[in-house]
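J.: Here is how the chains run, residue by residue.
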Amino acid sequence: MNAGIESTSNVTTKRDFLKYVLGGALVTWVASLLYPLFSYLQPPRQAEVEVTSVNAGRLADIPKDSGTIIRFGNKPVLLVRSSTDQLRAFSAVCTHLDCTVQYKSDLGMIWCACHNGKYDLNGRNVSGPPPRPLEEYRVILKGEEVHITTMT
Amino acid sequence: MKRLVAWFDERIPLQGLVEFLGKKYVPLHRGSVWYYFGGVSLFLFIVQVITGILLLLYYKGSEQLAWESIQFIMSKVRFGWLIRSIHTWAANLFMLTVFIHMFSVFFEKAYRKPRELTWLTGMGMLFLGMGFGFSGYLLPWNELAFFATKVGTDIAGVLPVIGKPLMIFLRGGEDVTGATLSRFFGFHVAVFPGLFTVLLGIHLILVQRQGMSEPPGSDAAPNRRVMPFFPNFLLRDLLLWLLVLNVLAILAVFFPSELGRKADAFASAPAGIRPEWYFLFMFQSLKYIPSQVLFMDGEVLGIMLFGIAGLLWMFVPFWDRKSSRGETNRVVNYIGLFVVLYIVLFTILGWVL
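Chains as they are written, first to last, in numbering that gives the first Met the number 0: chain A, 0 to 151; chain B, 0 to 352.
What the hints contain is simulated information worked out from the structure, not anything from laboratory work.
Each hint should be verified, as a subset may be incorrect.
Claimed, not checked - Computed Cβ-Cβ distance ranges for the label pairs, DEER-style:
no., chain 1, residue 1, chain 2, residue 2, range
1, A, 32, B, 311, 33 to 41 Å
2, A, 140, B, 286, 36 to 44 Å
3, A, 103, B, 348, 18 to 26 Å
4, A, 73, B, 286, 25 to 33 Å
5, A, 26, B, 190, 22 to 30 Å
6, B, 173, A, 144, 27 to 35 Å
7, A, 103, B, 173, 57 to 65 Å
8, B, 29, A, 38, 55 to 63 Å
9, A, 149, B, 308, 40 to 48 Å
10, A, 50, B, 330, 52 to 60 Å
11, B, 75, A, 140, 42 to 50 Å
Said to hold, decoys possible - Calculated lysine-lysine pairs in the DSSO-like style (CA-CA distance at most 27 Å, straight line):
no., chain 1, residue 1, chain 2, residue 2
12, A, 117, A, 103
13, A, 74, B, 22
14, B, 261, B, 75
15, A, 74, B, 163
16, A, 117, B, 286
17, A, 63, A, 74
18, A, 103, A, 63
19, B, 22, B, 112
20, A, 63, A, 117
21, A, 117, A, 74
22, B, 286, A, 103
23, B, 261, A, 117
24, B, 261, A, 103
25, A, 74, A, 103
26, B, 59, B, 261
27, B, 163, B, 286
28, A, 117, B, 163
Idealized CB from N, CA, C, for every residue including glycine.
Taking the hints into account, I'd like the entire structure generated from these sequences.
T.: So this is what it looks like as structure tokens:
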């Protein structure tokens with residue numbers, strides 16, 4: 000601690016030191032101000048019940064050649080009963096821009112009204128802007144009851 | 000009255016203001032008619048503030064109550080339908096007049112030195128106006144708004160790096176939910192109006208301090224004519240405002256706003272989802288870009304192109320040096336013409352297809 004008495008170069012170091020301390024304090028202060036602010040802006044993760052299977056109702060209540068949106072946790076799932084009496088289930092979230100798709104009986108296809116995207120009944124994107132096929136779900140018949148489960 | 004004026008004059012000298020107004024002139028030339036569009040935009044903004052505050056008295060910004068509260072305004076509150084319809088129509092007319100104002104400023108090169116800051120604040124208000132439109136569109140919480148917001152925020156989400164956090168910030172979560180509504184409500188009635196007022200203040204002060212811009216060359220013309228701002232131009236302005244108010248009333252009475260069906264996260268998107276008309280040209284362009292271009296997602300490419308184009312447009316005073324030097328710059332005219340034609344063409348395409 001003999002810097003002060005000796006030379007001017009040491010005085011500058013002393014000043015530099017103060018600059019760093021005060022600058023650092025300023026940065027810390029700003030950071031401590033911004034951190035809670037930005038944290039606040041991030042919405043908290045809601046605890047979600049992990050859903051792996053839902054009951055979609057009785058087979059008799061699902062008309063042929065129709066599509067129904069089923070609540071799968073907080074995601075919509077489209078259950079299609081085709082004209083050939085096949086049961087298929089897909090995520091109803093269009094892979095293009097997040098709209099909810101529907102079954103269009105006159106086309107025999109799954110259709111997204113937002114940008115005219117079309118998927119066949121295997122969930123493959125066949126025309127329009129969707130970049131990927133729809134995510135598929137498994138349909139299980141337990142007697143009369145229709146169950147939808149995740150593929151894995 | 001005289002004593003009142005004297006009372007104020009003693010405390011805040013009004014003499015300067017009176018002198019300033021007395022000496023303020025509006026130049027007359029072939030493009031003078033465009034001067035009115037800034038004023039009309041200002042008037043429409045004032046209408047938005049007033050009708051917006053009125054709507055706030057009954058609107059409830061929550062998932063359970065938003066749609067119902069608008070239904071209440073439309074059916075139960077006396078003249079509620081009128082206030083809401085005027086708010087919707089004034090929003091649309093505002094965007095229209097703002098676009099006309101912006102393009103007239105562009106083609107007259109009124110952004111050139113020394114008015115760069117006026118241009119920048121104006122562009123800021125244009126973007127805020129779009130933000131107002133996008134956030135306000137969701138507030139009735141109907142099907143169309145719900146899916147339009149899903150699409151709009153999803154488009155923001157495809158941006159590289161910042162896209163995903165931005166989308167979550169906008170939506171208040173992974174999906175469009177009541178949390179999104181709360182946020183948009185806050186943006187629409189607090190954040191945007193606050194920012195807009197600051198920009199508007201700067202914009203107006205600059206216009207007053209610097210006076211009206213004149214097209215390059217015409218300020219030096221020997222037969223330059225002017226009109227006193229007070230009262231001649233101001234009265235013309237007010238007359239036009241009155242006309243616009245009447246147009247608003249006619250539109251609101253004969254084409255009142257609809258409410259549609261309440262948003263349902265577990266219903267399929269209805270046909271006819273489209274954004275407000277001033278977003279259509281971008282929306283329509285995205286449809287024509289293939290889903291993969293080289294190594295990029297078509298959407299990402301589209302958004303980045305629009306982003307870059309918007310930035311170039313915003314900074315035109317800084318790359319169009321010629322106009323600032325008083326030379327003619329035809330390139331800027333051609334770019335402007337191309338942009339106008341592009342927007343008009345794609346808006347029409349988006350409307351009819």
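J.: Now tell me if each hint is right for this structure.
T.: Going through the hints against the structure:
1. A:32 with B:311: 33 to 41 Å: holds, 35 Å
2. A:140 with B:286: 36 to 44 Å: With Cβ atoms ~40 Å apart, the hint holds.
3. A:103 with B:348: 18 to 26 Å: This hint holds: roughly 24 Å between Cβ atoms.
4. A:73 with B:286: 25 to 33 Å: Cβ of residue 73 of chain A to Cβ of residue 286 of chain B: about 29 Å, so the range 25 to 33 Å holds.
5. A:26 with B:190: 22 to 30 Å: Since the Cβ atoms of residue 26 of chain A and residue 190 of chain B sit about 27 Å apart, the hinted range of 22 to 30 Å holds.
6. B:173 with A:144: 27 to 35 Å: Hint holds: Cβ distance 30 Å, inside 27 to 35 Å.
7. A:103 with B:173: 57 to 65 Å: violated, 27 Å
8. B:29 with A:38: 55 to 63 Å: holds, 57 Å
9. A:149 with B:308: 40 to 48 Å: holds, 43 Å
10. A:50 with B:330: 52 to 60 Å: Given range 52 to 60 Å: holds, Cβ gap about 59 Å.
11. B:75 with A:140: 42 to 50 Å: holds, 49 Å
12. A:117 with A:103: holds, 10 Å
13. A:74 with B:22: violated, 66 Å
14. B:261 with B:75: holds, 18 Å
15. A:74 with B:163: holds, 19 Å
16. A:117 with B:286: holds, 14 Å
17. A:63 with A:74: Roughly 24 Å between the alpha carbons, so the hint for residue 63 of chain A and residue 74 of chain A holds.
18. A:103 with A:63: holds, 12 Å
19. B:22 with B:112: With Cα atoms ~23 Å apart, residue 22 of chain B and residue 112 of chain B stay inside 27 Å; holds.
20. A:63 with A:117: holds, 20 Å
21. A:117 with A:74: holds, 20 Å
22. B:286 with A:103: holds, 21 Å
23. B:261 with A:117: It holds: about 25 Å lies between the C-alpha atoms, which stays within 27 Å.
24. B:261 with A:103: holds, 22 Å
25. A:74 with A:103: holds, 20 Å
26. B:59 with B:261: Holds: residue 59 of chain B and residue 261 of chain B sit about 14 Å apart, inside 27 Å.
27. B:163 with B:286: Cα-Cα ~21 Å, so holds.
28. A:117 with B:163: OK: residue 117 of chain A and residue 163 of chain B at ~26 Å, within 27 Å.
In terms of the numbered hints stated before, the structure departs from hints 7 and 13, listed from lowest to highest.
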